[in-house]
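Chemist: With the hints as extra help, turn the sequences into a complete structure.
So the chains spell out like this:
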Amino acid sequence: GQQVMQIPQYQHVQEGEDFTTYCNSSTTLSNIQWYKQRPGGHPVFLIQLVKSGEVKKQKRLTFQFGEAKKNSSLHITATQTTDVGTYFCAGNSGGYQKVTFGTGTKLQVIP
Amino acid sequence: EADIYQTPRYLVIGTGKKITLECSQTMGHDKMYWYQQDPGMELHLIHYSYGVNSTEKGDLSSESTVSRIRTEHFPLTLESARPSHTSQYLCASSDFKEKLFFGSGTQLSVL
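These protein sequences, in sequence, are chains A and B.
Heads up, the first sequence is in this note's numbering, so the first residue is 148 and it goes up one at a time.
Heads up, the second sequence is in this note's numbering, so the first residue is 56 and it goes up one at a time.
Hints may contain errors.
Taking CB as the label site, the calculated pair distances span [what the hints assert, rightly or not]: (1) A:ARG185 / B:SER164: 13 to 23 Å; (2) A:ASP165 / B:ARG137: 42 to 52 Å; (3) B:THR132 / A:GLU162: 39 to 49 Å; (4) A:VAL160 / B:ILE124: 41 to 51 Å; (5) A:VAL202 / B:ASP85: 25 to 35 Å; (6) A:THR229 / B:GLY69: 38 to 48 Å; (7) A:GLY148 / B:PRO94: 22 to 32 Å; (8) B:ILE124 / A:THR228: 41 to 51 Å; (9) B:SER122 / A:GLY148: 18 to 28 Å.
Source of the hints: derived by calculation from the structure; they are not laboratory data.
We treat Cβ as the ideally placed atom computed from N, Cα and C, and that holds for glycine.
Modeler: Given below as structure tokens:
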């Protein structure tokens, strides 16, 4: 079945440093989504990428979808303490395939 | 934002009890999901539904069952709870773009 892996599993950064998490799927995806889960909370949708090579920005966050539509990345510039949480990618292979979540990257920002 | 509700928020019960976790959404979404998540860990899909009278088991084997008699309602039942069922249970629904909306979750503790 479809597997979606993320690296790193954990990341500690000093406030102001940049952060990147990578997502890799075992199968080609029709789209990729990113979610953020704050400690004690539930996952909240951030963005969806659909096109090969697509890049989208949300303020300090930059999302990229690979050319082969099997990988994606999330980059945060100049992290803040509000960025703390676990970031999940989620892939869908289209049709009636269910969404598969990645293993997640837990980000800790040290003030 | 999202109109998806889970009750109860917290539940502490004894071994062997039968429980039902409630999940309702008012967005008219056909697709609904149940995920199991231990603190800070991956989301494991345990059940999903693509519409009324449609239910499927997810990737993680679970002793729970679900039903989908109405579009807006997707309850999860454990016939006989055990300590190994202690976890957080997250319900979600998705729109036509596969964007997932999560409820606040039920934290279940089985003593």
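Chemist: Verify the CB-CB distance for A:GLY148 and B:PRO94 against the hinted window 22 to 32 Å.
Modeler: About 25 Å separates the Cβ atoms of A:GLY148 and B:PRO94, which means 22 to 32 Å holds.
Chemist: Could you say whether the range 39 to 49 Å given as a hint is met by the Cβ separation of B:THR132 and A:GLU162?
Modeler: Given range 39 to 49 Å: holds, Cβ gap about 45 Å.
Chemist: For the hint 41 to 51 Å, verify it against the beta carbon of B:ILE124 and that of A:THR228.
Modeler: With Cβ atoms ~45 Å apart, the hint holds.
Chemist: Between A:ASP165 and B:ARG137, does the C-beta distance stay in 42 to 52 Å?
Modeler: holds, 44 Å
Chemist: Tell me if the beta carbons of A:ARG185 and B:SER164 are separated by a distance inside 13 to 23 Å.
Modeler: The hint (13 to 23 Å, Cβ to Cβ) holds, given that A:ARG185 and B:SER164 are roughly 21 Å apart.
Chemist: Does 41 to 51 Å hold as the CB distance between A:VAL160 and B:ILE124, or does it fail?
Modeler: Since A:VAL160 and B:ILE124 have Cβ atoms about 48 Å apart, the given range 41 to 51 Å holds.
Chemist: At the C-beta level, are A:THR229 and B:GLY69 separated by a distance inside 38 to 48 Å?
Modeler: holds, 40 Å
Chemist: Just tell me: holds or violated, for the beta carbon distance of A:VAL202 and B:ASP85 against 25 to 35 Å?
Modeler: holds, 31 Å
Chemist: With 18 to 28 Å as the target window, see if B:SER122 and A:GLY148 comply at their CB atoms.
Modeler: holds, 25 Å
The structure shown violates none of the earlier numbered hints.
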